[in-house]
Structures are given as C-alpha cells and as structure tokens.
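Q: Take a look at the letters that make up each chain.
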Amino acid sequence: MTVDGPRDRPLFSLLTPVYNPDLSVLADTIASVLAQTDPGWEWVLVDDASPDERVRVALRSAAAADPRIILIERPENGHIVAASNTGLEHARGEFVVLLDHDDLLVPHALERVRSVLAAAPDADYLYSDEDKVAGRRQFAAFHKPDWSPTRLRGHMYTGHVSVLRRSVIQTVGGFQPGLEGSQDHDLVLRVAERARRVVHIPEVLYHWRLVAGSTAADPSEKPYAWYAGGRAVDAHLRRLGIGGHAATLPGRVGYYRHWVDLPPHRSVSVVIAVSGDYRTVGGARMPAFVPALRGVLERTRHERVDAVIAADSRVTSRELAVGLNGLTVDTHLVRCAATEPLAGRLNAAILAATGDVVLILGERIVPETDGFLERLCGSLEEPGVGLVGPLVLGPANDIRYAGHRHHHGRYDHAFAGATHREQGSWASLWVAREVSGLALAAVAVRREDLLAVGGVCEVLPGPAAEVDLSLKLRAVGKRLIWLPDVWARTDEPIHDRTVDAAAAQALIARWGEPRWDSYLPD
Amino acid sequence: MTWSRQRLRERDALIAEQSAARRASPRDALDVLLDELREQHETERHRRTSQVRQMSELVSRSLAEQGPVSTVKWLAGQALRRCGVRR
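The listed protein sequences derive, respectively, from chains P and G.
Read in order, the letters of the first sequence are residues 1 to 522 in my numbering.
Read in order, the letters of the second sequence are residues 1001 to 1087 in my numbering.
Hints are not guaranteed to be accurate.
Each pair of labels, with its calculated beta carbon distance range [claimed, not checked]:
1) G:R1045 <-> P:D330: 45 to 55 Å
2) P:G241 <-> G:R1048: 45 to 55 Å
3) G:W1074 <-> P:P75: 53 to 63 Å
4) G:S1056 <-> P:T171: 50 to 60 Å
5) P:P223 <-> G:R1007: 17 to 27 Å
6) P:T328 <-> G:E1039: 31 to 41 Å
FYI, nobody ran anything at the bench for these hints, they're computed from the structure.
Ideal Cβ placement from N, Cα and C applies to all residues, glycine included.
Just chain P, same shape as in the assembly (with noise of 0.2 Å):
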C-alpha cells in the first residue's frame, strides 16, 4: 500500500537494517532521524537478530517515543539482503531512504530531497553527496558528478544518500539474494534503468561514519562485497541487452571495469586528416600518419574496416602510396586544398566515409591497445552514447587527453600532464564514465550522428571546433564517455588542442559559459 498524501507531500521510509552496531553510534543515528526538519517520514527499523540485547532495547524506547517508527525484530539472523526485504515489506511510504545503521542524515536533508521532488516530481531515484564522519569530526566531502550511468557501472558513486521510488523498486523485485554487500548497488542499477528521471542534488546530506569493520574505513573488509558488486554490473549489462560484459578491476576493490562487444555486421571507417607531417619510428622516416593508421589495423581482428586519408596537397601521391603499402583494408583519399583548415578535412573525410562508425583519429595518435577499434566502437552500441573515447598519454606517460573539464568559462584536458598511475579525483581515472567533451584526438562516433550535427564546425577556430563537437553531440541528447583501459599515445605538441582565451570566448558566444563541470565538479 502506499500512502497517499498531496503531491508535493509524499512520505519518505527510511529504511535501515541494524545488526549489532555501537550503542552510542546507534544513538546518534536515531538522533540525526529525529532531528529532521521534514515531519513527513517513517522509520522501518529491522533488527537482524542482534546479539547483543542492549541494541534490541535501544531500538524498542526509539520506538515507543515516537510512533512514526517501525521496530521489526527477525527471530533469525538474515544477513543484510534478507533484513533489507524485511523492512521493504513494511515500507508505505512512496520513497524509500536508504540509511545504514551507523550513518547520520544532516538535519534538512529530507527537507531538501521534498524540495527537489517539488521541482522534479517524474524522479524516480535521487542521490546526495555525502562525506565521512569519525567522532565529531566531518571530512572528505564527495562532491559527485550528475547523472553518469556508465560511471555507476565502474563504482557504486551515487552511494549516499540514496532515494528510490517504492514502486520502482518492487516492479525490480527488491534486493537481491546472493549479492550480500552490494545490494545497493544492484538496486540503484536496477531502478536507474527503469527511472523516468534520476536527480543528483549536489548538497552534502549524508555523513558515513568510519568505523572499524565498515567499508567507510577500508574497503577491503569486505571482499565478497566487491565480487557481488562485478556480478551486479555484469547482470546489469546482460539486462540492459548490448553484448556488454563487466570484471573486477584487479587490485582496486570495489571497482570495476566493463566493455561492449562490436558486433561483425558494423562497418568501420578509420578517419585521419593527414597535414603532411613527418615522424621517425625506429630509426626510419615516414608520413607521420603511418604508425597511427598501422596502430589502429594491426590491433583489430574485426573486419568490416576501411581507412579514408583526407590529405592537403602538400602530401605527394608517393608519400601516400608509401604509407599505404601494403594495408589490407580499402582506403580512399580524399584531396583537399593545402589551406583546407582541419574542419574542412575532417568534413571531407566524414562524407567519403560510408562506415556506420567512424573513427576518427590525430594523425600523431598511435593506437595501443589490443581491440582499441572494437572497445571505442563497441561502447556506441549503446543506446544513447554519442561519442567515445581513449586515455591518450604523452611519450612521458603523462596524461594528454582523458576528457574535457569544462568549468568557470573554461574548457581544460581533464588531468592533463598527471601521470597514468594516479586515481584522479575520486578514482576518476580508474573507471569509464561520462565527460563533457572529448579531444578529436581519437574518438568514435556513429557517422549518422555526426552527420545530424553538422560535422566538425568550421567557422571556430581548431580546438574550440574540437570541443564544439562534444557540445553538439551533448545538445541532442547524446552521452559521451571516456575509457580508462584503451589507450593510445602521442607525441603531439600539447598546445595543438589547447582551447585558448579567444577560441574560449567563441564557444562561450555559440554556447554559454560553462559555470561548473557535470561530471568533474571539484
């Protein structure tokens, strides 16, 4: 049953399953369930058979002082699955709030959820930030990103606090036996792919305690958590239907790494716009498209491939035919004039193109990966992704390009001149994810997407050309994600995509300033 009230009055369950927490801790957490400015909220409280007596007496007074509190006692041990379902069942409100027993809400945090519920009432899950508490002492704000599904495949970022539509969640069943420790991840993935609307409210709302034995202070106190997690994700993908598969990532518990399949009917057309440039690759002098052209066909086995070169008139034809020797793919040049900015090239090549995706790549971008054309490609097999991808490194190992942070009237390489080994902030550069904008340095996109946009731009100049694709692709609807485990190298000058003051001013005229990154916001 759910209980009625106006529109903008639902009522919230909370929902906690309680087994054996500190008694003080436990105190507090009531504490901070009181102290709720909103009214409108009942508490589903389901002791898991606690050993110790003291919790069950603590949690009865909780109950008889205040009647919107619902004391449900399990004769048995159940684990947290099993106590989760409990309390569900005795769920009526139309939103359930996800609050572990050790946790504390900030006092208006129901208040603000009501707000944005106001203003958004078609939401279906809604999630905080958070930050940690020890004692008194409140600390590590995560400031998350906005909606970012595919980022939610890699870690279970929305984590606190989290509020799910009631209905939503009974249509999915519940939580699931069998993934004891990440339920609520496979919750969230559940519901988000049924979620009319998801709402990420950037405000703090919920403080995590670190206590010993919580994941909150080590995450590797509990592993079966983590596998449960790798299989939520797998589950997920199998669900979601696009040949997409997920693993634990080895060494880093609690994330995980996932790729889509390219299925053999989808044609490929590998796109460089070649300059005329020069490189030395050992010891031997060539066109420096070669390698880059090379790098990418020598690591795929898939085999609806073809290459389109949009060279300037610079390049002699013996030049081409010298890098060209001996590929097994058909490719097709494409002659522009030698004043032919980068755009017109790209546009160029776009239309000779006749892949379903192109991809197009920096002719100083040199493909390292195994399958780097099957991950990039792949990832487009989902609904909805506009664009993707790799992490380009310098010949340093240093970070190049691994997403745009566009922010405060500024369009950045996310991470740029980081080494490949850092985690980024909140292990950003560890998981796929959603981005504002992606360098052209390599990225695929399905060809009738780039079409519908209008290709590359060409009356902005070169990098803020490069950014306004992303732009672009984002205004009609499209997601554009970055992968952590393609990558690709480049000796390019790092200021070649540099997005300067003027060609930042262009992009502000064309689009707005951009006051905070949605999915870098710190």
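Once you have looked at the hints, place chain G on chain P.
A: Coordinates of chain G only, in the frame set by chain P:
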C-alpha cells in the same frame, strides 16, 4: 538528399541557433534550484580556501619571525582551542 559540405554547414548553424534559443527561454525550476545549491557549495569552498591560505601565510610569517619551536607551540594552542581546551 545527399550530404554535402554546404548541408553540413547549414546543419551546424541550425544546432547553434537551437542552442541560443534554449538559452533564451526560461530555465527549468529544477535547474534553478540545483544551481543555487552549487553556488552555495562554491561560496563555502571559497571561504575554506581563503581560510587555508590565511593560515598558511600566518605559519610562514611565524616561522620566519619566531622560528619553528614557537610556531609549533602556537599551532598546538590553536588546535587545542578548536577542541574547546583553554589553557
């Protein structure tokens, strides 16, 4: 209709026009609310950053003028005061 450079340019201009029109229209109530929250966070972050900068300047000055022993004593006093301990 086949695609051409001219048609790409037209489509590019159309997307830019649509973006301008969207920016000119009234903002969604949810976006307004969430931006207010982000603004609050930004203000708070600025406040904390300037506090840290101020403290760092004080420590540098104290190190230069008083030396390390006095600076450590002074910092310990600050920490105790923050915990409510008065000497």
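Q: Confirm or reject each hint.
A: To see whether the hints hold, each was checked on the structure:
{"no.": "1", "hint": "G:R1045 <-> P:D330: 45 to 55 Å", "in the structure": "holds, 54 Å"}
{"no.": "2", "hint": "P:G241 <-> G:R1048: 45 to 55 Å", "in the structure": "holds, 46 Å"}
{"no.": "3", "hint": "G:W1074 <-> P:P75: 53 to 63 Å", "in the structure": "holds, 59 Å"}
{"no.": "4", "hint": "G:S1056 <-> P:T171: 50 to 60 Å", "in the structure": "holds, 53 Å"}
{"no.": "5", "hint": "P:P223 <-> G:R1007: 17 to 27 Å", "in the structure": "violated, 56 Å"}
{"no.": "6", "hint": "P:T328 <-> G:E1039: 31 to 41 Å", "in the structure": "violated, 57 Å"}
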